[in-house]
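> Residue strings, one per chain:
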Amino acid sequence: MEIKMMKNIMEANDRLAGENRALFRDRGITVINVMASPGSGKTSLILHVIKSLGSELGIGVIEGDIASSIDAETIDRLGIPVYQINTGGGCHLDAKMIRTALQGLTLRKKSLLFIENVGNLVCPSTFDLGETFKLVIASVPEGHDKPFKYTSMFMAADVIILNKKDLLPYTDFERESFYKGVRAINSKAPVLELSCRTGEGMQTFISWLREHVREEL
Amino acid sequence: MHEYAITQGMLDLVLNEAKKASVSKVTEIRLVIGDLSTILDESVQMYFDIMSEGTLAQGAKLVFKRVPSRFRCKVCGNEYDKPRKGFECPQCGGLGLPTGVGREFYIESIDVE
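The listed protein sequences correspond, in order, to chains D and Y. Counting in this note's numbering, the final residue of the first sequence is number 217, and the numbers go up one at a time with none missing. Counting in this note's numbering, the final residue of the second sequence is number 1113, and the numbers go up one at a time with none missing.
Bear in mind the hints are in silico, worked out from the structure with no lab data behind them. Accuracy of the hints is not assured; some may be wrong.
Said to hold, decoys possible - Once the Cα atoms are required to be at most 30 Å apart in a straight line, the calculated DSS-like pairs of lysine-lysine come out as:
| # | chain 1 | residue 1 | chain 2 | residue 2 |
| --- | --- | --- | --- | --- |
| 1 | Y | K1020 | Y | K1082 |
| 2 | D | K4 | Y | K1061 |
| 3 | D | K7 | Y | K1025 |
| 4 | D | K149 | Y | K1082 |
| 5 | Y | K1082 | D | K180 |
| 6 | Y | K1061 | Y | K1074 |
| 7 | Y | K1085 | D | K4 |
Unchecked claim - Covered, in the sense of this in silico footprint (three residues per stretch, anywhere, with C-beta under 8 Å from a C-beta of chain D), are these stretches of chain Y:
| # | region |
| --- | --- |
| 8 | 1002 to 1014 |
| 9 | 1053 to 1064 |
Claimed, not checked - Over 10 Å on every C-beta distance to chain Y, these chain D residues come out as not near it, computed from the model:
| # | residue |
| --- | --- |
| 10 | G39 |
| 11 | S44 |
| 12 | V49 |
| 13 | D71 |
| 14 | L105 |
| 15 | L107 |
| 16 | P141 |
| 17 | D166 |
| 18 | V191 |
| 19 | L192 |
| 20 | R197 |
| 21 | E200 |
| 22 | S207 |
| 23 | H212 |
Built from N, CA and C at the ideal position, the CB exists for glycine as well.
Generate coordinates for the entire structure from the input sequences, incorporating the hints supplied.
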């Protein structure tokens, strides 16, 4: 006997993500899911934002790592509420982990919450966490071909950061090719070029954040 | 390797359905997977074999129906399957945008006894 199912396999995750999203909306929390390869500058970017905006809005961070709490300790030292998720080998965060993390995190009612996903350009793109924005970082040394290879990640992005722009003169990174790849699959997300090391371009990103943080802030 | 979590979710949905229908065995599961969904068939199969052990779905055959990712050319309007390399329209060389076809990821049906 055949049973027709037509059931979305991501159903359980998507339902929880929807609940997270409602929860964030109620509390006026803007949530940014930061996704990128290992070493592309996820933590550095978050640290920059803390320095620039930490005095004007509440900021919290959920750190996702396979193991270790190195990044969480760095953030904790700045006096920012941080919750460490260790996935123990798992390659991505899911909506349920975020729900658990929220219980261990004291956030001001209206604040900005960063979720630093596990360094990986594939798996995290499949899991909705309930975030307000998906932010994808590409960095110059990774090469200009990443949008062509990691299509679903760049498709999902609401905003794309091209980090380490200070290294452009020292690499074969072809800007034109990178933009062509991004625009083929994502016509909306702004691409912001910056360098976490030199601070160049950071103000543009900070302005983007200010504009997109929930209006009620 | 996110297929581990995904396969568990899929198996839960199937077992739930089998339980509702009060059947004793699931013999086949038909999955529809778009090429843009970042899911590897072999990996789902491997996890399924391990996870389904001792359940109603043990030994069930997994059928993967792959859906190619369809793009529509912004220049000439042609619809085409995404080429292996790049996103260009095979007809005019213009850039295309994803149409949404190719992101499917669902259980179509199951066979039960």
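> Each hint needs a verdict: does it hold in this structure or not?
Okay, the hints, checked on the actual structure:
1. K1020(Y) to K1082(Y): violated, 40 Å
2. K4(D) to K1061(Y): holds, 16 Å
3. K7(D) to K1025(Y): Distance of about 19 Å is within 30 Å: holds.
4. K149(D) to K1082(Y): holds, 13 Å
5. K1082(Y) to K180(D): This hinted pair holds, its Cα atoms lying about 15 Å apart.
6. K1061(Y) to K1074(Y): Measuring from Cα to Cα gives roughly 41 Å; hence the hint is violated.
7. K1085(Y) to K4(D): violated, 36 Å
8. 1002 to 1014: Contact hint for the region 1002 to 1014 of chain Y vs chain D: holds, 9 residues under 8 Å.
9. 1053 to 1064: Three-residue rule not met by the region 1053 to 1064 of chain Y, so violated; n is 0.
10. G39: With a cut-off of 10 Å, G39(D) remains clear of chain Y, as the shortest Cβ separation is near 19 Å.
11. S44: The claim holds: S44(D) sits with its nearest Cβ about 25 Å from chain Y, beyond 10 Å.
12. V49: It holds; V49(D) is separated from chain Y by about 27 Å at its closest Cβ, greater than 10 Å.
13. D71: Correct as stated: the minimum Cβ-Cβ distance to chain Y is 21 Å, above 10 Å.
14. L105: Per Cβ check, L105(D) is outside 10 Å of chain Y; nearest 23 Å; holds.
15. L107: holds, 26 Å
16. P141: It holds; P141(D) is separated from chain Y by about 22 Å at its closest Cβ, greater than 10 Å.
17. D166: holds, 29 Å
18. V191: Nearest chain Y Cβ is 16 Å from V191(D), so the label holds.
19. L192: holds, 21 Å
20. R197: Holds, since 31 Å exceeds 10 Å.
21. E200: holds, 29 Å
22. S207: Fine: 28 Å to the nearest Cβ keeps S207(D) off the interface.
23. H212: holds, 24 Å
Consistency with the previously given hints fails for numbers 1, 6, 7 and 9, ordered from lowest to highest.
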